[in-house]
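All chains should be built: construct the whole structure from the sequences, respecting the hints.
Sequence lines, in order, name chains S and Z.
1 is the number of the first residue of the first sequence in this note's numbering; add one for each residue after it.
508 is the number of the first residue of the second sequence in this note's numbering; add one for each residue after it.
Quick caveat, the hints were computed from the structure, so don't treat them as lab data.
Treat the hints with care, as some may be off.
[As the list claims (entries may be wrong)] Footprint (simulated), chain S over chain Z, 3 or more residues, beta carbon under 8 angstroms:
no., segment
1, 538-546
2, 558-567
3, 737-750
Note that this is a predicted model, so its numbers are computed, not measured.
Using N, Cα and C, we set each Cβ at its ideal position, and we do this for glycine too.
2 protein chains.
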Amino acid sequence: MSAGPGAGAGPEPRFLALWGEIEDLSDASGLLAWDQETHMPPHGHGARGKIQATLAGVRHAKLCAPELSELVERCAERAAPGSVLAAQVREARRVLRRVTRVPERLARERAEAVTLGHAAWSAARARADFALFEPALTRLVELAREQARCLAEDGASAYDVLLDEYEPGARASTVGLLLGELERALTPLVAAASEASVAPAPDAAAGRFPVERQLAFARSVAESFGFDFARGRIDPAPHPFCSAFGPDDVRLTWRWDESDFRPGLFGVLHETGHGLYEQGLPAAWQRTPIGEAASLGVHESQSRLWENLVGRSPAFWRWALPLFQRHFPGAREVNPERLLPLLHSVRPSLIRVEADQGTYDLHVCVRFRLERALFAGELEVRDLPGAWDEAYRRTLGLTPRDAAQGVLQDIHWSMGAFGYFPTYTLGNLIAAQLFAAARRDLGDLDAAFALGEFRPLLEWLRTHVHAHGSLYTADELVRRATGRVLTSDDYLALRRAELAEYYGVAV
Amino acid sequence: MSAGPGAGAGPEPRFLALWGEIEDLSDASGLLAWDQETHMPPHGHGARGKIQATLAGVRHAKLCAPELSELVERCAERAAPGSVLAAQVREARRVLRRVTRVPERLARERAEAVTLGHAAWSAARARADFALFEPALTRLVELAREQARCLAEDGASAYDVLLDEYEPGARASTVGLLLGELERALTPLVAAASEASVAPAPDAAAGRFPVERQLAFARSVAESFGFDFARGRIDPAPHPFCSAFGPDDVRLTWRWDESDFRPGLFGVLHETGHGLYEQGLPAAWQRTPIGEAASLGVHESQSRLWENLVGRSPAFWRWALPLFQRHFPGAREVNPERLLPLLHSVRPSLIRVEADQGTYDLHVCVRFRLERALFAGELEVRDLPGAWDEAYRRTLGLTPRDAAQGVLQDIHWSMGAFGYFPTYTLGNLIAAQLFAAARRDLGDLDAAFALGEFRPLLEWLRTHVHAHGSLYTADELVRRATGRVLTSDDYLALRRAELAEYYGVAV
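Structure representation (structure tokens):
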């Protein structure tokens, strides 16, 4: 790696060998999980669960080996501040801390609680009855609190510790300021859109879009963005995701709707953004602690940048429309004049995963406030449904008809994932700030997009984001790439520009 | 398990837990290998090799743990002769012997020699130049001899030890008698067919067979045979194979030729036979030493039984033809009168994998004799090409044009697999003997096949073969299922009957 701090001395070979095996075991589990979502026969679950448990056990034992911790501390003694080695130590310690400070009993209890939690949540959601989920969720929250106590250091709050799992180094106070500011600014924008006299045509993306053609079109866009199908692939799955087993084996999944091309196309573009990040991670640091993405927020910034800031832009559609028409010769009714406003809708709704880009972050703000209150001891699990409905009423002006449409809609809490939601909005903010910096460095990106030239943007992201792996924390990465700490300014500027463009409203 | 010897006491729970993890690691490797052949992006090889090496290392360490060997020996003390526990001990010891008696240095050297050997073989075959392969093959033979010395016991010869890896308990002397007898009997049959006045029409299976329809037809036949697609799947791959990760996750692969339906269909029926065996293995013994197939020969008997004895029979085609015509409405020229003789061709050729059923075993006999001489010290690697050509001239009456058509045609030796070839012919013999026994027990199978009723045969195989896993050695399994030791009688009777039927020749 030429970028970043001077390479200096690296970790000892023995450390690299041990860590490499741990990464190999994660990748093996990852491939089995990918297979489970994409190819495994319906009855394969029983055996698969045992195989995954064995792999997890082997990985856990390797992480717990005293030799590994000793090697990390030996690296720490030699690591100059700010060096690559110091980053290796930082990331290795982060991983080891979760393994060595959390008693095995607690890890096992959490695993069991997740299994029960998921089942209870599914049943509760099906019947729209929060009471069926409440005991399991109470247990999951208790165990997450205990986990946070085990891991807390440097005066971190419980929620800080939980956030840190997904967004290393993030603090609830900082994230809270950022999201609070964002919410205050977005609320009048959403209100202005509701009051505007124009409204997008709901059928602007409707038609008959055969699945094979959707795939061919989406693949050719992904390739134009720079996704390398010699180092990746795409398969159908019930939920779109991206998994990677090193930069040379990156797998996207997608699903589609034959009557509306948006879920298929924008799903693929989103996962392509994740996949481009994975394909751009530093090969030289593979199988080391800093060979991976900096954080979930940074990962999400890449998916949202390519999906929303590129894929929903007028410039992109100037290039993409003829390609679209070649793949869908019958879909003559799709035109940018009707489509673009629809792709930039701002209309409050109840379900996060179906929300438009204009209101999405408000859904995250609600969840962040509730989670934070939950782990500050200011909210009890039994009071969640009421607090949820009240928050939606206040923030989005809507009240869920029932708990399935409300507090039970997301899978995250049933998996014990508290502190995950904010990474979605951090992704939006980071994407906008990176995009603005790229525009400053590269000049008129729209002209390039309109010609199908996405390489300059990709190369900029490779250099400023992908190539660093987790050498820097997310905060530091953003500061170095954009010259500023993360704010919501660039994101809000984009939102305001879109509002002016598609709703004729200046706020 | 109700069949077989009284269950008695089982292995201790600790042994089952440790062995289960070892099987899980094999299954994880197996799934990664399946993925490598079916889905992995072209550039994924580097990372995949590392992951596989880590999994192999972890499995090896678990097999080497003194605790495991001690547990096996503790089971041995309690195991009544002929009990299930005794079989568990027998199979566990077989696996452990290969790990504990072969020095790590030798295992590593073999792995390296295989990598080099495969590369050298590919280059040599491409240029039809044995000299390019000779040094690597010499090394592979040396290492196999050393491996055999490490593992030899009870006066076993080097080739006995190598055979035992694929066909546990088989001895070169017994296999030699069986194959010698077979060769002597087949030779006049092949000669008689060559001299017969009738000859199959080479274009009796030709036409336009679109890949999706081939797959749909082959799948529906596989399902009729009893393959459960809720516990299995089928994917394209460069070479057809079957891998299983327990009986509930069995994966077939296939390839096809759009101008001739035979490679696709019979490839699938062959792998379906393997897959039916895997789906029928005893669930209660999963993740234990006897939960797997008895031997490669027995495995091959299942594939060849369904492919050849069922799939090429006139009764099968009485049922299958209308189905075939529904899938290929344009292929009116395909009719049993022309097709069946072609499916039972007897015509000497040079390439084993393209050989017809009537001459296939002669290819195996050649390889068996050469391998045996090689490991008896009666043949040197440098003399192989001449010995090969001479054997083909004598056995099949043909002389290879070059080494690519001759001694370099098979991949096996380049992988250090010596003693593998005989299992193909053992599969033919076992298939015929099982089929004859099933006919004795079940009566007129042809009438059932003609109605598409394959369940009685499958149930018979489930009961007499699949359900036993590796409780019995292959010899014992065949003796119990058929009431006799394995001979070539039933197989030769089938060959003679076919010769009479399709060539009008009685030998």
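Do the hints match the structure? See the list:
With a threshold of 8 angstroms between beta carbons, the proposed coverage of the segment 538-546 of chain Z by chain S holds, since 4 of its residues qualify and at least three are required. For the segment 558-567 of chain Z, the stated coverage by chain S holds: 6 residues have a C-beta nearer than 8 angstroms to a C-beta of that chain, and at least 3 were required. Closer than 8 angstroms: that is the beta-carbon criterion, and the segment 737-750 of chain Z has 5 residues meeting it against chain S, so the requirement of 3 holds.
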